[in-house]
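Using the sequences plus the hints, can you model the full thing?
From first to last, the protein sequence lines are chains A and B.
For the first sequence, this note's numbering gives the first residue as 1, with consecutive numbering after it.
For the second sequence, this note's numbering gives the first residue as 1, with consecutive numbering after it.
The set of hints was computed from the structure by calculation and includes no laboratory data.
These figures come from a predicted structure and were not determined experimentally.
Hints may be right or wrong, so weigh each one.
To be verified - Short derived list, chain A residues pointing at chain B, Cβ under 7 Å:
1) 11
2) 50
3) 55
4) 73
5) 79
6) 82
7) 83
8) 91
9) 96
10) 108
11) 112
The beta-carbon is built from N, C-alpha and C at its ideal position, and this holds for glycine as well.
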Amino acid sequence: MLRARGLVKTYRAPAGPRIPVLDGVDVDVKAGELVVVAGASGSGKSTLLNLLGLLEDADAGDVWFADEHVSALGRSARSGARGRFVGFVFQSFLLLPSLTALDNVVLAARYVGRSGPETRRRARELLEELGVAERHEHYPPQLSGGEQQRVAFCRAVLNDPPLLLADEPTGNLDDANAHVIAGALRRRAAAGGAVVVVTHRPEAFVPATAVFRIENGRLEGYPLKKEVAP
Amino acid sequence: MLGPRLLRGYGFTVAGIAIGVAGLTALGGMSERIVRFIEGGDRFVLGQISVAGRGLGMGTGFTAGGLLPASAIRAIAGVPGVAGVQPQVMLPLNPTTSQFMTLTQELVLGLDLSVPIPNRHYPTLPVRTGRFLSGGDRHVAVVGAAFASSRGLDVGARLTLEGETYEIVGVLDRTLTAPDRFVIVSIADARTQWVAKDPMLRTVLASGAVPVRAEDLNTGAAVGWRTGEDPDVVARRIAERVAGVNVQIPSELSRQLRASTVFFSALLTGIAALGLVIGGLSVANTIAAAVFERIRDFGVKRALGATDAQLGREVLTESLAVTLSGGVTGIVIAIALGRGIDLWISRGQQLFLFSARLLAGALIFAGLLGAVAALYATLRVVRLSPAEAIRRGA
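What follows is the structure, encoded as structure tokens:
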């Protein structure tokens, strides 16, 4: 489902030296797999996820969704590919404060041309599944962190994207809410979705298809794949 | 989905735009007021040939000059091309005020109602309540809107002029030019007031040194021309054929009037330019700031798959809704402010004129500027990667 080859990313600090973050990273994630990428803060986990989700450009390397060479697309076409293929869960939730919980979820469908009563019904179902249906008319500032992340998860899966990318999805949550979100991600993979999670708490996501660690700009253990049990 | 909630979160933006548009509209309202006054005067002088007796005299306004006796009026009426001559007496209500025509001078205008008003642009003066004067009226007056308002006068009220009591029989519509401050009476009444106001005239008349009849007591005359005649040519013809008169050439008087108001023209140009700059900068800055403030939201939307075109349409729709809401609010504020100030300064003054063209112009200007500012800001935002937009907005 997701294939990346030779991803390189370097940041340049203002008036400072170039800082290499990723140095030729290869990734393969198939449908039904949950891949966890662990690493210390600043190791490049989030950068990797941004490159995989086309949220920023790599200095070198290529990304494919299914068999589509998406990193070669223009800006608008890449936006379209993101809408069709990818759902994102962010550490800081990134809900729009001016929209209700329900409208935040439905927003995902708007840009892929799927808005309508059916979409709203599906959004309500997802909120129900995640236990936040009764808060659907509340605005993000009126929700707890755990509730916001559940809403964000619903937004990420509303379009039923084949690929789910989660950046520290439990980083701002207590154990109970982290458990809910991790479970939802695992169920997503079990239902046939491809899921990539970057986290500094990999133990929260096992069992996983594979757990990698980023060190010195490379994925340690790749291309080793194994079922990782708790 | 977003319709009813389009403006949520934009409260400060709408307020910012409202302030800008209110400033623009208020300054524009003052400009419109001055423009209307100048245009009204210009239209008046181009509608008639104004003639006064040669000399310094007592008159004021368009009839400032010496005495214009009945013989001169008959001679003017006989000039080829002249369609009608209306003797007039125009006096300052308060003789201590300047003889110069000013924005606020109150005048007594005596009209010979046996002759139709010859002014082509003002053949009648619009009456708001009551009636206009008719032939044979004595000790009655029609007053301008500002004059009535400043003294709380209405039809049926009494007004004392030079010791004589006049009944108000009509109040004119507001014209925003000179007639707003007129007290219009019959010419016979105006002649009586003239004599009462001017000790020198009384002395001359009492001495019997000069044979003057009542019909000779005119400060000037309004002269009309026949259809097809060039008013300037007719005016020059009067000057050539009638001795002892000052004839105002309509086009020259218009030029003089415009020259005398050049300061006001420059002032209102400056006010309008200032309004456009202040209001425009306020609107553009507020909208651009509102877009940049939501940079994280745009990053999220692009992460969700929004294309540049989708985002552009969305921002444009929101900015137009915000700008128009702010614009309408600003206009309401400006009108309320203008009305409040006009009421506060009282005395029938009107400093602001909120014409339809001004209000429509302010709204269109704000909308266009808001759209351009939003477009500029959006182009800047979409150039960022979604990740960068999210980072910068965090």
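#### Entry: Structure versus earlier hints - violations, ascending order
1, 4, 8
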